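A.B. asks: When you get a sec, could you build the whole thing from the sequences and use the hints?
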Amino acid sequence: MALDQQQVRDIADLSRLQIDEAQIAEYQKNLSNILDLVDQLSAVDTSSVEPMAHPLDAVQRLRADVVTEENNRDHFQQIAPQTENGYYLVPRVVE
Amino acid sequence: MHNKTIAEISRDLAAGEYSSVEITENLLSRIKQTDNRYNSFITVSEEQALAQAKAADARRAAGNADAWTGVPMAHKDIFCTNGVLTTCGSKMLSNFVAPYDATIVENFNNAGAVSLGKLNMDEFAMGSSNESSFFGAVKNPWDTDRVPGGSSGGSAAAVAAQLVPGATASDTGGSIRQPAAFCGLTGLKPTYGRVSRWGMIAYASSLDQAGTITRTAEDSAMMLNVMAGFDAKDSTCVDREVPDYTATLNNSIEGLTIGLPKEYFRSDLSAEMQQQVRNAIAEYEKMGAKVKEISLPNTHLAIPAYYIIAPAECSANLSRMDGVRFGYRCENPQDINDLYKRSRGEGFGIEVKRRIMVGAYALSAGFYDAYYKKAQQVRRLIKNDFVNAFNEVDIIMGPTTPTPAFKCGEKTADPVDMYLEDIFTIALNLAGLPGMSISCGQVNNLPVGLQLIGNYFDEGRLLNAAHKFQQSTDWHLKTPDLKNQADI
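Protein chains in written order, with my numbering: chain A, 1 to 95; chain B, 96 to 583.
Heads up, some of the hints might be wrong.
Derived EDC-like pairs: lysine to aspartate or glutamate, alpha-carbon spacing no greater than 16 Å straight-line [what the hints assert, rightly or not]:
1) 468/B with 20/A
2) 478/B with 57/A
3) 385/B with 349/B
Don't read these hints as lab results, they were simulated from the structure.
Note that the structure is predicted; figures quoted are calculated from it, not measured.
C.D. replies: Take a look at the structure:
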């Protein structure tokens with residue numbers, strides 16, 4: 001399945017990835033090759049096959065609804081790019 | 096002492112042949128002098144290592160030593176290590192000093208092991224050659240013009256170069272077994288859920304599993320004893336008793352039934368590769384094993400299914416790398432979208448971006464059934480092949496890789512070329528089964544790996560079969576020619 005260049009730009013945008021315009025053609029080629037590879041699956045009849053999400057078909061384990069985590073905010077924020085008063089700082093979102 | 100196995104070091108420390116500080120200093124200085132050839136370490140944590148070694152020697156002096164007390168090892172840089180840089184081979188995490196330990200790191204610390212540092216890897220574990228690391232490619236100690244395999248290439252190169260006797264690693268589609276094969280080592284990928292994934296930076300959560308790269312099966316068993324077990328912090332970790340994997344290493348394999356999948360002995364597999372693997376099977380027959388041809392008819396669908404499932408899961412997992420709470424942030428973001436897009440665009444390498452985009456596409460509205468659901472259905476077909484096979488045989492064997500280690504740069508032009516490298520390893524991850532690779536021969540002076548595939552939670556039998564092979568052959572003892580290096 002071949003992607004066109006606008007589709008590549010749209011997917012990059014959806015994925016929140018800045019891609020240089022000069023590299024779009026290369027992504028177009030490589031992503032199309034990958035999609036060709038995976039398109040082999042479309043020939044397989046899977047109409048009666050249950051999808052498999054977990055190798056052991058395990059279900060989600062539940063636990064008691066109690067607080068187990070300690071508050072490590074200051075420790076974790078030491079590695080943040082920018083913080084202020086315990087908040088993570090990003091460029092202004094609401095004008 | 097650098098050429099010793101984990102088991103030998105454990106015995107030597109107990110016998111007082113040398114101290115943990117002595118062997119730790121020896122290996123640290125060896126890393127300093129020779130690792131510029133291989134680039135296997137991203138971070139050498141000298142201070143922490145020496146502190147751990149001193150503490151281990153003190154425990155031994157006080158009479159409180161166990162098998163792992165003071166034994167050196169190293170971690171793949173995918174495992175979070177408290178206070179130590181944890182990069183996952185990416186610019187995105189090039190400044191990430193993990194604020195906590197992964198469960199398996201904690202396990203090794205509690206066992207008294209000495210961690211020498213963090214090992215290079217393909218960026219976010221995406222690759223089969225260790226050429227996609229932000230910190231530079233890793234070289235194969237057997238031939239530095241060749242790749243060590245990936246994504247655990249640093250783990251394999253460091254063990255092969257005798258910088259460390261064993262290393263943790265992780266395997267999502269072959270990332271332990273293929274580098275072990277390329278570097279003449281023993282690689283073990285346990286059953287999905289056998290080892291906690293907590294603190295192991297996620298790539299494809301339904302496939303990722305932590306394991307080991309060592310010289311011997313005995314050492315793998317010693318490492319798995321430390322790593323395996325239930326962890327409430329990993330919701331897919333399995334609550335099941337952990338046997339002592341070293342206790343069954345010497346069991347007889349008389350009557351063991353080995354399945355040889357006809358799809359793994361394809362006509363395009365070179366005669367030399369086939370011969371090495373057939374010789375190994377013959378060795379097993381000499382030890383009393385029986386051989387049976389089997390079929391895994393959906394083998395050809397494993398790579399296509401993987402390249403939907405893994406990218407889809409990675410596109411979700413890597414969304415946490417957003418430049419807000421940790422890791423790389425672009426300079427002067429204009430608005431929040433610019434911050435996300437440039438931090439991610441600049442922080443991720445090209446292969447990571449490709450896989451995120453494939454995943455985002457496969458999961459996008461209107462395509463989910465055609466791609467992700469379809470791949471999950473095919474995944475069940477692949478699992479069923481193995482379930483049927485294990486009704487007839489105890490263990491499955493074949494080549495780990497189609498060829499020995501390839502040249503650096505040989506498969507970087509087209510990602511699909513690189514993907515096909517994992518043809519024999521990837522189906523196990525989809526099925527969640529345990530597998531090993533052990534060195535079983537050479538082609539053109541390069542090691543060839545024999546893959547052993549076990550039934551669910553049958554790591555003990557795999558390690559037993561691998562150990563018996565290593566008791567009757569010496570392929571695992573062969574080492575690359577390191578004599579040009581300072582022999583310290």
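A.B. asks: Please go over all the hints and tell whether each is borne out by the structure.
C.D. replies: Results of checking the hints against the structure:
1. For the hint linking residue 468/B to residue 20/A, the alpha-carbon distance of about 32 Å lies beyond 16 Å, and the restraint is violated.
2. Using a Cα cut-off of 16 Å, the hinted pair residue 478/B and residue 57/A holds, with the two alpha carbons roughly 11 Å apart.
3. Between residue 385/B and residue 349/B, the direct Cα distance comes to roughly 8 Å. Compliance with the 16 Å bound is thereby established for this hinted pair.
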